[in-house]
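*Asks:* Sequence:
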Amino acid sequence: MSLRFIYGRAGSGKSYYCLNDIKERMDRGITNPLVLLVPEQFSLQAERDLVKTMGTGGIIKTEVLSFKRMAYRVFNEVGGITHTRINSAGKCMVIHKILENMKDDLKIFSKSAGQQGFVNTVSDLIAEFKRYDITPEDLEKAHKAYIGRKSKTDLNEENLDANLDAIDQLLIHKLKELALICREYEKTICDNYRDADDDLTMLYEKLDKTTMFNDAEIWIDEFSGFTSQEYKIISKLMEKAHRINVSLCTDCLIDDDSWDGYGYKYMDHTDVFSPVKNVVGKLMGIAKELNIPVESPVIVEKYNLNSKDGRPNYRFKDSTELDHLEKYFFSFPYKQYKGDKDKDGELKKTKDISIFTASNICAEIEYTARDIIGLCRDRGLRYRDITVVCGNLDIYEKFIRTIFTEYGIPFFIDKKRDINKHPLIQLIISIFEIFIYNWSYESVFGYLKTGLTGIPRE
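Numbering follows our numbering, in which position 456 of the sequence shown is assigned residue number 457; successive positions increment by one, without gaps.
Calculated from the structure, these hints are not laboratory results.
Below are the BS3-like pairs computed for lysine-lysine, each with C-alpha atoms no more than 27 Å apart in a straight line: (1) LYS350 to LYS318; (2) LYS142 to LYS104; (3) LYS339 to LYS349; (4) LYS336 to LYS350; (5) LYS233 to LYS283; (6) LYS69 to LYS241.
Each pair of labels, with its calculated beta carbon distance range: (7) TYR147 to LEU382: 54 to 60 Å; (8) ASP386 to THR83: 45 to 51 Å; (9) SER297 to LYS104: 58 to 64 Å; (10) PHE436 to TYR147: 57 to 63 Å; (11) PHE412 to LYS349: 31 to 37 Å; (12) ASN439 to LYS53: 50 to 56 Å; (13) LYS399 to ASN439: 36 to 42 Å.
Here a beta-carbon is modelled for each residue, glycine too, at the ideal position from N, C-alpha and C.
Whole structure, please, built from the sequences with the hints as guidance.
*Replies:* Written out as structure tokens, the structure is:
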């Protein structure tokens, strides 16, 4: 059992190192379970990269899991998959009923309880509490602790408001009422349903019953941080696995002697990597509590930050401009980019970085569209090679659809859509509704309006 950190700056080749590390184990004929643990949104890409690195055998011998996938696998083996799960709509209905029943007991949330959107806010808050392992008991303790810290006299419910200012009163009552709501929610669903946000908590409890990860080697990649639930699962995996490899984006590690359990004592908190370094400290703290040895870290930088040649890292090996920007964009004092000079001794314009200011969104997107056309026409790029990143997709989407269509640029907008609005899904649903509702007007015309029936509009 051991913990090892794999670290480097953005684009230095951390994921590449992890994949090749897995390949090396397979080439040696290691029979221990090999697991690549990534965030849910990266699981498909990780599987593709794994197949690309070591062929189809890689995906057979190595499991690519997210925390949710891991929970599903463990529940399938030791039980827990058959529980009836409550979906988001059901969760909101339960919370709405709780707020209605408790309206007379609520002081702060009594008026908000009837407002549109408040139920969703409470639902999101409960989910956040679960992710960070905050229970109703924790909220009650925080409520009592805050009263104790603020009180100069003996306080009780009768003289509480008279002895505290408005802000303190608001916080104390909110803590109390949130604890009541959360407790009632848990009590309501515990007998018949299971909240999906409890999956990782349940996974932590059931990991002791499975042998799936015994003596395994696990690579944890593409994470910038972990929730309290995830830290607990990692701690349990440390006890079961042969080695845990954690890949993190940072420029260096800090000695664990300066970690006090909450943060590094001597760390510059303006450092762009400080959140990641705090993750390192927490994982080192967990390993120390469990007496798990921490191995020497792997530094995957393809260059030395203090070297004279300043060789670019893996991702930016073909662009010294982007490599320089990655190193110094968040640095102070920064180092000015010294590019190539022309015959007159003047610095040449950068090729890979350009800045454009527009008077409005339309002008901005039109410039982008013209630039994309130029890249595809003059530099041989394909549309699939180009990505447009927006600050606010909701604002930009309609302009992009209009202008890119005018310029003949094919595009895909990476935005979640309701699957029920897809014509094929509507077709399937309407077929069932025709039989369920005995050829009702709504179901028949819903079927025809999908445009997939083969029946002409005339």
